[in-house]
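Novice: Same order as they appear, the protein sequences are chains H and U.
Numbering of the first sequence is given in my numbering, commencing with residue 508 and proceeding in unit increments.
Numbering of the second sequence is given in my numbering, commencing with residue 834 and proceeding in unit increments.
In case anyone wonders, no lab produced these hints; they're calculated from the structure.
Every residue gets a Cβ at the ideal spot worked out from N, C-alpha and C, and that includes glycine.
Incorrect hints may appear among the rest.
[As the list claims (entries may be wrong)] Derived DEER-like restraints, expressed as beta-carbon distance ranges: (1) H/Lys532 to U/Gln1172: 49 to 59 Å; (2) H/Gln511 to U/Pro1039: 20 to 30 Å; (3) U/Pro1039 to H/Val562: 30 to 40 Å; (4) H/Met508 to U/Glu866: 48 to 58 Å; (5) H/Val536 to U/Gln1172: 44 to 54 Å; (6) H/Gln511 to U/Asn853: 42 to 52 Å; (7) U/Asn1043 to H/Asp533: 32 to 42 Å; (8) H/Asn559 to U/Lys1110: 23 to 33 Å; (9) H/Val524 to U/Tyr924: 56 to 66 Å; (10) U/Lys1110 to H/Val536: 27 to 37 Å; (11) U/Lys854 to H/Asp533: 33 to 43 Å; (12) H/Thr522 to U/Pro1177: 45 to 55 Å; (13) U/Ala1107 to H/Met508: 13 to 23 Å; (14) H/Val567 to U/Glu868: 16 to 26 Å.
[To be verified] Some residues of chain H that are not near chain U, with every Cβ distance over 10 Å (derived): (15) Ala517; (16) Asp528; (17) Val536; (18) Cys573.
Residue strings, one per chain:
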Amino acid sequence: MEEQIIEKIAEISETDVVKKDTLLKDLEVWDSLAMITFIVYTNSEFNVKFDNVDVLRDAVSVGDLCNLVVERMS
Amino acid sequence: MHSRIDGVGIKCISVAVPSNKIAVKEIVSYKSEDEIKRAIRSTGISSLRLADQGVTTSDLCESAAVNIFTSSNHKREDICAIVFVTQTPDYFLPGTSCLLQSKLGFNEEVLCYDVNGGCCGYVYGLQLASMLSRLHGKDVLLLAGETNSKLICREDFSTAIMLADAGSATIVGEVNKETYMDFSIRNYGSKFDKLIIPAGAFRNPPDSLNEAVTERENGNKRSDRNTYMDGLAIMNFALTDVAELVKDTISREQDIDLFVFHQANKMIVNSVAAALKLPLDKVPIFVDGYGNTSSASIPLALCGTANDKPEGMTKYKKVLLAGFGVGLSCGTVVTDLKQTIFLPIKEV
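Please model the complete structure; the sequences and the hints are all you need to start from.
Specialist: The following block contains the structure:
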């Protein structure tokens, strides 16, 4: 599942090589629209809901985003 | 809060939009072509309508109302109240509905209500109008619209690419005995700051500091007297609280033929529809060429959809309208539009 999320982040951010430890600031495109696209994806794909979206803004790396999704799935 | 009002429905809807249609790429020409294309792909809005400097929301609503009285058989004498929903009134005081009472030629017995409402305002307005109609046994004129262009800063990419201007007029009254309006409205006041003009009223009175345009998040520029929208929080609100409200409404009201959401933008409407597993052919999107017109977006989508289809709206026995946004607030109304007249969109 993490691979799936990372693939999606690569697609959203228009970045060729994305790994778990890639920093969000190093992605080609990671702005508010990218974050909106990301929560739409996690909602439709994993039925994940966020009480507070600030946690997404606070995320530093791709791994942080993966963890946020996984935590909410369990 | 759920409530059901029997015996009343929507008789006629008219919408007026500014003839001034502007391409998004012109509005935000300071952005790169790629950024603009990417945004348009998400919003579905390549152009929108902006009112001229001297045109207010009440002018657009007045035009829509005059269209009803000249293009349909509805008469001023049948109206007992005006409900005017907007966040861009003509003045702080008096209420704009009083001015519209005079401009539209109503007598002094007609009640005048101003409602400060945005993207959920049409649903709020329908609820108030239907209650007044039941109380007085006459029709109510609901006027809902916005001139968002007066509140946004063009250098704030997040709002400039979609917020636009329009006015609507709706006659609410007794359609037939079987007609009803089923309302559900919820408010989330703790999220008030997610869509806000922080200064310029009385909590933070106007001064030179809050008038200054400065750089904010993601390079957007605006002053504290411009509209600020936390797009991520609004999308999250739509996917969670709004979707939950619509889901609850659907569980009570089955066999809905059409779902008309506030036309925030294509991505939000599609995402809520997907979260609820609604068939996309039952969820119209009517934003391109018009933009997000706040409380006018639902009547605009209804008139646009009705006039785009040769059979009009007659096949839609049960329709769900859903507004959501500033407050944060969200509301649904389920009603029957079989006998509603949808006038063609008027350019002014």
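Novice: Evaluate each hint against the coordinates.
Specialist: So, going through the hints one by one against the coordinates:
no.	hint	result
1	H/Lys532 to U/Gln1172: 49 to 59 Å	holds (57 Å)
2	H/Gln511 to U/Pro1039: 20 to 30 Å	violated (50 Å)
3	U/Pro1039 to H/Val562: 30 to 40 Å	holds (35 Å)
4	H/Met508 to U/Glu866: 48 to 58 Å	violated (36 Å)
5	H/Val536 to U/Gln1172: 44 to 54 Å	holds (49 Å)
6	H/Gln511 to U/Asn853: 42 to 52 Å	holds (45 Å)
7	U/Asn1043 to H/Asp533: 32 to 42 Å	holds (36 Å)
8	H/Asn559 to U/Lys1110: 23 to 33 Å	holds (26 Å)
9	H/Val524 to U/Tyr924: 56 to 66 Å	holds (58 Å)
10	U/Lys1110 to H/Val536: 27 to 37 Å	holds (30 Å)
11	U/Lys854 to H/Asp533: 33 to 43 Å	holds (40 Å)
12	H/Thr522 to U/Pro1177: 45 to 55 Å	holds (47 Å)
13	U/Ala1107 to H/Met508: 13 to 23 Å	holds (19 Å)
14	H/Val567 to U/Glu868: 16 to 26 Å	holds (24 Å)
15	Ala517	holds (16 Å)
16	Asp528	holds (24 Å)
17	Val536	violated (8 Å)
18	Cys573	holds (18 Å)
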